[in-house]
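**Student:** Spelled out from the first residue to the last, the chains are:
Protein chains: 2
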Amino acid sequence: MRIAVTDGIDPNAKSSLESLGHSVIERHYSNDELISGCISDFDIVIIRSATKLNSNIIKANAGINGKLSLIIRAGVGVDNIDLSSASDYSISVCNTPNASTNAVVELTIGHLISSCRNIARGDQKMKDGSWAKKELRGSELRGKNLGLLGYGRIARGVADVARSMGMNIHAYDPYVNSNNSKCIFHDSVESLFRSCTHVSIHCFLSDETKHLVDLRMISFMPKKDNNGIECGNHIVNCARGGIINESDLHDALESGVLSTASLDVFEIEPAIKSSLLQLDGFQATPHIGASTYEAQRRIGEEIIGIVESHSKGIVPLTCLNK
Amino acid sequence: MRIAVTDGIDPNAKSSLESLGHSVIERHYSNDELISGCISDFDIVIIRSATKLNSNIIKANAGINGKLSLIIRAGVGVDNIDLSSASDYSISVCNTPNASTNAVVELTIGHLISSCRNIARGDQKMKDGSWAKKELRGSELRGKNLGLLGYGRIARGVADVARSMGMNIHAYDPYVNSNNSKCIFHDSVESLFRSCTHVSIHCFLSDETKHLVDLRMISFMPKKDNNGIECGNHIVNCARGGIINESDLHDALESGVLSTASLDVFEIEPAIKSSLLQLDGFQATPHIGASTYEAQRRIGEEIIGIVESHSKGIVPLTCLNK
Chain H
0 MRIAVTDGID PNAKSSLESL GHSVIERHYS NDELISGCIS DFDIVIIRSA TKLNSNIIKA
60 NAGINGKLSL IIRAGVGVDN IDLSSASDYS ISVCNTPNAS TNAVVELTIG HLISSCRNIA
120 RGDQKMKDGS WAKKELRGSE LRGKNLGLLG YGRIARGVAD VARSMGMNIH AYDPYVNSNN
180 SKCIFHDSVE SLFRSCTHVS IHCFLSDETK HLVDLRMISF MPKKDNNGIE CGNHIVNCAR
240 GGIINESDLH DALESGVLST ASLDVFEIEP AIKSSLLQLD GFQATPHIGA STYEAQRRIG
300 EEIIGIVESH SKGIVPLTCL NK
Chain Z
0 MRIAVTDGID PNAKSSLESL GHSVIERHYS NDELISGCIS DFDIVIIRSA TKLNSNIIKA
60 NAGINGKLSL IIRAGVGVDN IDLSSASDYS ISVCNTPNAS TNAVVELTIG HLISSCRNIA
120 RGDQKMKDGS WAKKELRGSE LRGKNLGLLG YGRIARGVAD VARSMGMNIH AYDPYVNSNN
180 SKCIFHDSVE SLFRSCTHVS IHCFLSDETK HLVDLRMISF MPKKDNNGIE CGNHIVNCAR
240 GGIINESDLH DALESGVLST ASLDVFEIEP AIKSSLLQLD GFQATPHIGA STYEAQRRIG
300 EEIIGIVESH SKGIVPLTCL NK
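Note that the protein sequences, when read in sequence, are chains H and Z.
The numbering of the first sequence is numbering that gives the first Met the number 0, which starts it at 0 and goes up by one.
The numbering of the second sequence is numbering that gives the first Met the number 0, which starts it at 0 and goes up by one.
Chain H with its partners taken away, still in its complex shape (with noise of 0.2 angstroms):
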């Protein structure tokens, strides 16, 4: 089949793909070059977040346009892909699902750590010669109320890690069955906010959850952990930009209702203007939840097994329109 790879892959799973035959050619599109068809005499695209496929996109690519018949979404969200579209062109989408989960639970755990510790900030007051041991007093994790807003694979894994330290998990998932599960499960955004001084974001971006977390849910967090101890609130996200309103996260921070927030992910990406960089308590990494050589690895082995299950025409275990 050929392959088109717009926004790169991993180098062994290139050349698996090439050792079963496959013709795989990676370069980059524009918005423009997309939309006049350019990868209409490709079987499969492969992308990650930076090659967006809309409507008008898939429509010059698909059907009487082209035969592009299957899109893999290396990684998991796929809200740069219009769904609907490719299901009305008869094209299966597919991501990787598994392959990152770790590699984000631990950048949200080190986000954690590192923003109610103070590292990222003490790291670069030492760069700047000075020695700020002084005002770089954190708080610890062990004992307080972290608030988990969705509670699916990589959220668990951050209840689980979290659990070891002494955290109390709190949940709120609609979509979750609460039985059985070692966490406090709230029915309410509210109720989940009013509960705990550090939140962390694990849903998707949809019509429902953006700026789900604005300043008047941020002004519900108790600031005081359970034996009274001031450490305020703290909100990560390594999920999805825009489910954060980041206009009231910056009002949120410089007032103090906030004291920390880390974002790996950002309501527009590269995120290098944003006026969130100013403030002392925000710390930022761009989009890096998925950057590890062993996720690469795992999204290069999972997105062999589509393809191969794909030329055989087999709907493969991942894909979300089947």
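Hints were generated in silico from the structure; no laboratory data involved.
A couple of the hints might just be wrong.
Listed next, the in silico DSS-like pairs over lysine-lysine satisfying Cα-Cα at most 27 angstroms (straight line) [unchecked claim]:
| hint | chain 1 | residue 1 | chain 2 | residue 2 |
| --- | --- | --- | --- | --- |
| 1 | H | LYS126 | Z | LYS124 |
| 2 | H | LYS126 | Z | LYS132 |
| 3 | H | LYS132 | Z | LYS51 |
| 4 | H | LYS66 | H | LYS51 |
| 5 | Z | LYS132 | H | LYS124 |
| 6 | H | LYS51 | Z | LYS209 |
| 7 | Z | LYS209 | H | LYS126 |
| 8 | H | LYS181 | Z | LYS132 |
| 9 | H | LYS51 | Z | LYS133 |
| 10 | Z | LYS13 | H | LYS222 |
| 11 | H | LYS133 | Z | LYS51 |
| 12 | H | LYS181 | H | LYS223 |
| 13 | H | LYS133 | Z | LYS181 |
| 14 | Z | LYS132 | H | LYS209 |
| 15 | Z | LYS133 | H | LYS126 |
| 16 | Z | LYS209 | H | LYS132 |
| 17 | Z | LYS13 | H | LYS132 |
| 18 | H | LYS272 | Z | LYS133 |
Model, not experiment: these values are computed from the prediction.
Dock chain Z against chain H, hints included.
**Tutor:** The following block gives chain Z in isolation, referenced to the frame of chain H:
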């Protein structure tokens, strides 16, 4: 009793001591002042790491020269106190070993993740206006071998969290009985380093441990994990400066033998002129291992217990020279 507090104390602990009838003077003294016997009319001195109580200072403030009878180290390491001189003058020396354990455990895990996932580095790049996603690929901790040099309270806490993250725990500690331990014990430091891509230091500074971690030892580290992934070598030290030879550490980072090093403690503090701070894989915090609201409160509680025991003529539980 008259109590001198030379390096600060939790305000709650100070007021509790005063309400118990003690007189608390909080003031930092210079070396010259200490040698001239300025705390000789105190019964108790409470210090952290900044005050150094060598044999001359102890002699000038105890015995026939003064009434000092108890030194409390608010914290763990007592390498700034001449223990044998204190014993010569019948001064009890106590520390607060339990109070900061969890704070250091969490910082260690935070440093491990932050360095392997480029959190501090990514944060700084974003604040410098660069979306460096592509150059910030990191490696995961899951499945890696973590070597703990020293296996006391803090190391065991680190082991529990690291195990929950899927790390394999290795340890070297000649003073710990390795029976029934859930980790793999080594009979030499070299064997530990040969087995582990990640090493975290959790021993005291002594003649035995000074510069125990040098270029030769670091060179034994395998750079690849059990699955052949080139994750590089990583070292964290939140214990005490001087256990790592910092000049060797510089060479190991510069030459690529070591991928990252994260230090909270240094041979000379404040360490704002260290040449390590110029290196890409180097991450630092200014000795904030115990700097949490929770640890400071627990240290205060432990201090009150020590003072109360001593006042009643009972040897405190954490006395190091009874």
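**Student:** For each hint, tell me whether it holds in the structure or not.
**Tutor:** Verification of the supplied hints:
{"no.": "1", "hint": "H:LYS126 / Z:LYS124", "result": "holds, 13 angstroms"}
{"no.": "2", "hint": "H:LYS126 / Z:LYS132", "result": "holds, 21 angstroms"}
{"no.": "3", "hint": "H:LYS132 / Z:LYS51", "result": "holds, 18 angstroms"}
{"no.": "4", "hint": "H:LYS66 / H:LYS51", "result": "holds, 18 angstroms"}
{"no.": "5", "hint": "Z:LYS132 / H:LYS124", "result": "holds, 23 angstroms"}
{"no.": "6", "hint": "H:LYS51 / Z:LYS209", "result": "violated, 56 angstroms"}
{"no.": "7", "hint": "Z:LYS209 / H:LYS126", "result": "holds, 26 angstroms"}
{"no.": "8", "hint": "H:LYS181 / Z:LYS132", "result": "violated, 35 angstroms"}
{"no.": "9", "hint": "H:LYS51 / Z:LYS133", "result": "holds, 19 angstroms"}
{"no.": "10", "hint": "Z:LYS13 / H:LYS222", "result": "holds, 25 angstroms"}
{"no.": "11", "hint": "H:LYS133 / Z:LYS51", "result": "holds, 19 angstroms"}
{"no.": "12", "hint": "H:LYS181 / H:LYS223", "result": "holds, 23 angstroms"}
{"no.": "13", "hint": "H:LYS133 / Z:LYS181", "result": "violated, 37 angstroms"}
{"no.": "14", "hint": "Z:LYS132 / H:LYS209", "result": "holds, 24 angstroms"}
{"no.": "15", "hint": "Z:LYS133 / H:LYS126", "result": "holds, 23 angstroms"}
{"no.": "16", "hint": "Z:LYS209 / H:LYS132", "result": "holds, 24 angstroms"}
{"no.": "17", "hint": "Z:LYS13 / H:LYS132", "result": "holds, 21 angstroms"}
{"no.": "18", "hint": "H:LYS272 / Z:LYS133", "result": "holds, 18 angstroms"}
Checked against the numbered hints given earlier, the structure breaks hints 6, 8 and 13 and satisfies all the rest.
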